[in-house]
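Student: Chains as they are written, first to last, in the numbering used here: chain A, 2 to 159; chain B, 3 to 111.
One or more hints might be untrue.
[As the list claims (entries may be wrong)] Stretch-level coverage of chain B by chain A, calculated; a stretch enters the list once three of its residues show a Cβ under 8 angstroms from a Cβ in chain A:
1) 7-13
2) 58-65
3) 68-77
[Claimed, not checked] Which chain A residues stay away from chain B? Per the calculated CB distances, all over 10 angstroms, these:
4) 13
5) 40
6) 94
7) 131
Think of the hints as simulated: they come from the structure by calculation, not from any bench. For clarity, every value in this text was computed on a predicted model and none was experimentally measured. Note that the Cβ used here is the ideal one computed from N, Cα and C, for glycine as well.
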Amino acid sequence: MGSELLNSAPRISYSKQFYDHFPYYLSIGMTYDQYWNDDCTLTKYYRKADEINRSRKNEELWLQGMYIYEALCDVSPILHAFAKSGTRPQPYSKKPYAITEFDIEREKVRKKEIEKLNRKKAKALFSAWASKLNVPENRKKEGEDGGNNRQFRNSNNK
Amino acid sequence: MSKKINFEYEGEKYVLEFTRRSIETMERQGFIASEITEKPMTTLPNLFAGAFIAHHKGTKRKLIDEIYRKLINKDELLQTLAEMYNEPIEALMGEPDEDEGNITWGASC
Chain A
2 MGSELLNSAP RISYSKQFYD HFPYYLSIGM TYDQYWNDDC TLTKYYRKAD
52 EINRSRKNEE LWLQGMYIYE ALCDVSPILH AFAKSGTRPQ PYSKKPYAIT
102 EFDIEREKVR KKEIEKLNRK KAKALFSAWA SKLNVPENRK KEGEDGGNNR
152 QFRNSNNK
Chain B
3 MSKKINFEYE GEKYVLEFTR RSIETMERQG FIASEITEKP MTTLPNLFAG
53 AFIAHHKGTK RKLIDEIYRK LINKDELLQT LAEMYNEPIE ALMGEPDEDE
103 GNITWGASC
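Starting from the given sequences, assemble the full structure and let the hints guide the process.
Tutor: Structure, rendered in C-alpha cells:
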C-alpha cells in the first residue's frame, strides 16, 4: 500500500521533447542528420546563430526605414499643398550611410581631407585679400624691396 | 562540443557518446532514466550499453558487459554517463558555453 505514491511524478520522455523541438531546429537551418546524429550541443550554436540573424535582419529593416524616412523628408517640400511654384525637392543622399567600421573610418578620413583642403583655400583667399590691403606692414615690405617687386595694388600708392 | 568517453579495449578504440537518436532508440527499447535509483543493477549497464549506439552500434552486448565490468572508477564513470545522457536535452535549452573537453577513461584489461 502507498507504493503508487512513489511513482506519482510524471515520467519525462526525452524522445517526446526531441520530437517537439525538432521542427524549430529544422526552421533555423539544422539538418535532420545534424539534429539526430551529430554533436548534441550543435543546437545551442544554431540558436545563437539564429539570434544573430534575427538581430541583423532587424537592423536591416531599421536602416531601410531610415532611408524611407530620409527620402520622404527630402521630397516633403513639394508635397506641401501650398508650396510656392518652383519649389524643388531636396537632393537624396548621394551614397548610402556608412555602417561598417571600414566605411566609417574612410568617411572620417575623407571629411578630414575636405576640411584640410577648405582651410588651405580659406588661407589662400585670406592671404590674397590681406596683401591687397594698404596696411603699414605691407608698405614696409615694399620699401625693403626697393620697389623692384612693387606692384600697384592700390590707387593710394601712386 | 558534447562530452565523450574515449578508451581503448583489446586494441580497439571506443568513443562513447549520446546523440538524440541513440537516446530515442534506448527509450524505444524500454530504457527509463528515472529508474536509475530504483533498479540500478539493470539501468546502469543499460545506460553504458546505450552509449555505444552512436558510434559502435554493432557491438555485442556480451562484449559491452565485459568492458563495463573491467572499467575502473565506476562511480565517476556512471556520473559522467548520466551527465552525457542529459546533455542532448540540456542543449535544447542552455546557452553555448566553454568546451569542457572529452574524457579519457582507463579500462583494466
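Student: Does each hint fit the structure? Answer for all of them.
Tutor: Now for the hints, and whether the structure bears them out:
Check result for the stretch 7-13 of chain B against chain A: violated, 0 residues qualifying (beta carbon to beta carbon below 8 angstroms, three or more required). Chain A is given as covering the stretch 58-65 of chain B, and this is violated because 0 residues of the stretch bring a CB closer than 8 angstroms to a CB of that chain, at least three being needed. Remark: the stretch 68-77 of chain B is not confirmed as covered by chain A, as 0 of its residues place a Cβ nearer than 8 angstroms to a Cβ of that chain, below the required three. Here residue 13 (chain A) does not stay apart from chain B, with its beta-carbon only about 7 angstroms from theirs, under the 10 angstroms limit.
At roughly 5 angstroms, the least C-beta separation between residue 40 (chain A) and chain B is not larger than 10 angstroms, which violates its mark as non-interface. With a least beta-carbon separation of about 39 angstroms from chain B, residue 94 (chain A) lies farther than 10 angstroms from that chain, consistent with its non-interface assignment. No beta-carbon of chain B comes within 10 angstroms of the beta-carbon of residue 131 (chain A); the shortest separation is about 67 angstroms.
Hints 1, 2, 3, 4 and 5, counting from the list given before, are not met by this structure.
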